[in-house]
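Undergrad: Chains as they are written, first to last, in numbering that gives the first Met the number 0: chain A, 0 to 374; chain B, 0 to 374.
The hints are simulated quantities; they were obtained by calculation from the structure and are not laboratory data. One or more of the hints may lead you astray.
[What the hints assert, rightly or not] Among the chain B residues that face chain A by a calculated CB cut under 10 Å, a handful are:
1) Ser295
2) Ser299
3) Arg304
4) Trp306
5) Arg339
6) Asp351
Since the model is a prediction, treat every value here as computed from it, not as a measurement. Ideal Cβ placement from N, Cα and C applies to all residues, glycine included.
For reference, the chains in residue letters:
Number of protein chains: 2
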Amino acid sequence: MGDTRNAAGWIEGKNPNLEVLSEVPLVLGTPTRLMAGHRIIDKHSLFVRNIQDLPEGHTLEPRPIEGWEIELTGLIDPSQLTIQGEELLAMDQVEHEMVLQCSGNGRSMYDGIPGTPWTQGGVANVLFSGVPLAAVLEKHGVRVDPQVQYVTGEGKDLPMGRELPDMEHSLPVWDVLDRSILALKLNGEDLPGIHGGPVRLVTPGLFGTMQLKWLSRLRFETAESPTFYHADEYRIPLSPVKPGERFRFTLENSRPTWYIRLMSYILEPESGASLSAGPVVVSGVAYNDGTARLESVLVSADGGRNWQSARFDVPDSPFAWYQWTTQVDLGPGTHELWARAIDELGRSQPLDGSIYWNPNGYEWTGVFKTEVTVS
Amino acid sequence: MGDTRNAAGWIEGKNPNLEVLSEVPLVLGTPTRLMAGHRIIDKHSLFVRNIQDLPEGHTLEPRPIEGWEIELTGLIDPSQLTIQGEELLAMDQVEHEMVLQCSGNGRSMYDGIPGTPWTQGGVANVLFSGVPLAAVLEKHGVRVDPQVQYVTGEGKDLPMGRELPDMEHSLPVWDVLDRSILALKLNGEDLPGIHGGPVRLVTPGLFGTMQLKWLSRLRFETAESPTFYHADEYRIPLSPVKPGERFRFTLENSRPTWYIRLMSYILEPESGASLSAGPVVVSGVAYNDGTARLESVLVSADGGRNWQSARFDVPDSPFAWYQWTTQVDLGPGTHELWARAIDELGRSQPLDGSIYWNPNGYEWTGVFKTEVTVS
Chain A
0 MGDTRNAAGW
10 IEGKNPNLEV
20 LSEVPLVLGT
30 PTRLMAGHRI
40 IDKHSLFVRN
50 IQDLPEGHTL
60 EPRPIEGWEI
70 ELTGLIDPSQ
80 LTIQGEELLA
90 MDQVEHEMVL
100 QCSGNGRSMY
110 DGIPGTPWTQ
120 GGVANVLFSG
130 VPLAAVLEKH
140 GVRVDPQVQY
150 VTGEGKDLPM
160 GRELPDMEHS
170 LPVWDVLDRS
180 ILALKLNGED
190 LPGIHGGPVR
200 LVTPGLFGTM
210 QLKWLSRLRF
220 ETAESPTFYH
230 ADEYRIPLSP
240 VKPGERFRFT
250 LENSRPTWYI
260 RLMSYILEPE
270 SGASLSAGPV
280 VVSGVAYNDG
290 TARLESVLVS
300 ADGGRNWQSA
310 RFDVPDSPFA
320 WYQWTTQVDL
330 GPGTHELWAR
340 AIDELGRSQP
350 LDGSIYWNPN
360 GYEWTGVFKT
370 EVTVS
Chain B
0 MGDTRNAAGW
10 IEGKNPNLEV
20 LSEVPLVLGT
30 PTRLMAGHRI
40 IDKHSLFVRN
50 IQDLPEGHTL
60 EPRPIEGWEI
70 ELTGLIDPSQ
80 LTIQGEELLA
90 MDQVEHEMVL
100 QCSGNGRSMY
110 DGIPGTPWTQ
120 GGVANVLFSG
130 VPLAAVLEKH
140 GVRVDPQVQY
150 VTGEGKDLPM
160 GRELPDMEHS
170 LPVWDVLDRS
180 ILALKLNGED
190 LPGIHGGPVR
200 LVTPGLFGTM
210 QLKWLSRLRF
220 ETAESPTFYH
230 ADEYRIPLSP
240 VKPGERFRFT
250 LENSRPTWYI
260 RLMSYILEPE
270 SGASLSAGPV
280 VVSGVAYNDG
290 TARLESVLVS
300 ADGGRNWQSA
310 RFDVPDSPFA
320 WYQWTTQVDL
330 GPGTHELWAR
340 AIDELGRSQP
350 LDGSIYWNPN
360 GYEWTGVFKT
370 EVTVS
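Just chain A, same shape as in the assembly:
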């Protein structure tokens, strides 16, 4: 542990709860059976998706914060500053209950897109806690130039091969100053190495790729990062693209996969389940980007002719997932169960999520459909 680059081997040895989803190292999904009924997903079943690697991070144990430094630079006054990881320990901590979701989750529902074949394993609800970046800036008397539009974060992880570009992401400065934390804990425990410990930049409401692990530098800038993973990958065309069509991404014709899309999942019954006729409990989770509450989760057992509202409690955190449940009566035969959330802004899930087809298969938001057999 800790000294091998074979992360899949590490996971297989150490973490039997996780499903190895591809031959790419560090792509491991949260199993549906361990999501159902769980408000918080334990680190032992939390999905892993690392674009690049930090060998000493191959562990569910924490990594030492002593000596960890984070550089702040760019259009700030003073123009350069180094934060010591240890100083964060003594500051006031805040906790966010929040959805952590890979923007490629649901990719397998799009037609013809290569890449990690996520269905629903790339999402979880967790607790991150740490120090608000705004408080760190205030403590050090840092003034951010009003021209700054983006905060670009870098981690200590490195590309998985020679001549691969280093990964970084630019986040909207207003979100970062509003609520980003330098996260030190996951679910109340010191942040595991594999999830970005000792320090991860966490911004509730944004997709997982924007939650930067092993944080080493923050740049306050007027422009977005032009690097591959931010300017070519992890982007959505601004205008619709026909399925299968090629698209050459630029910073101007596309946007980053920033904000989590509205989504609901049926977790019980599981897809393919065999059930007895009669009343069947249908339950799952739903969430959005946290900018508005969910208003309804509707469930249909007859292909959308009729929908019934599921019951749920509104979580305290706007960024947490909603656990919902309802009951349907099913007769013998094969049935599709559908779920669709609607939020207070009137945003819902399209019946055919492929209407948002995009070349890299991000941000799936279609009505969730699952099939069960009743006898």
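Chain A is fixed; fit chain B onto it per the hints.
TA: Just chain B now, kept in the frame of chain A:
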């Protein structure tokens, strides 16, 4: 007729189908009973909302096109050109079936907003036909500079009082070049004076205020009009505003009321109707901005616990309204009937439309609610 500025008087004398909604001249609503069951709204029941006045336009008869001129100017080559109204008659005509909706329709559902107290009288489905502006440009060999972002339209109408600003609107150039027509006909007849005849700039998918009557000039420009009705009125703040909060509009902190919002209306039974217990036909219309088809119209008779899908045919024109119908069983008592459309992009109507509260009460898009009594 034609020589008085008292338009309400004209309407009351000539057009008993229309409802006078306020003391302001030229605010007249389409009656619900004349919408229900009608695919196309006749000119005799089509709502009227004129911000300013052209006295000779006080008529449902056509106005002569002979001698009517439209000036094209701005960043075009040649830089100035005059179109003769008569030349349009000889060109190929296209027809758009489309929703015409005042952006203030539904204003009465917002709290505390002055202005025309529209509920649902400011909408109709009509046929406009005329000559595509793109065809006029092509005929005259006009080249539009790629820097042009907006086309600002002016009409021959004048302010209703001294020292009031003249009204004009700027439209996105891509919509104008894509589908704007110089409309000469309404529902197959020469365009009535009161509805902008002889020539109106009509762009399907945009709100009524952007459908410029008595068109006299089009300016191709890089910036939006800074005039009152475009830069202060008929705008929506870019960020949410708390109900009742004051807001100082600028071109930078707001956007024009351009694109029609998703909406559905129950037209039968009418609000306040007394019905007999048993099956009740519920029907109405629904529409959006034409960028995606409607996927569902859902109706609830139990406060949103259960929703059923209404039946409808998809109209040929993406900009037309959908006529939908369904049947619910109602027992004795008072019932609220709710309607909510969802389009193929997953856009729906919020349960509480006030979430989009804005200082001038535009773009109401809430779930439609109506009350009936059953005995």
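Undergrad: All hints, please: hold or fail.
TA: Status of the hints after comparison with the structure:
no., hint, result
1, Ser295, "holds (7 Å)"
2, Ser299, "holds (9 Å)"
3, Arg304, "holds (5 Å)"
4, Trp306, "holds (5 Å)"
5, Arg339, "holds (8 Å)"
6, Asp351, "holds (7 Å)"
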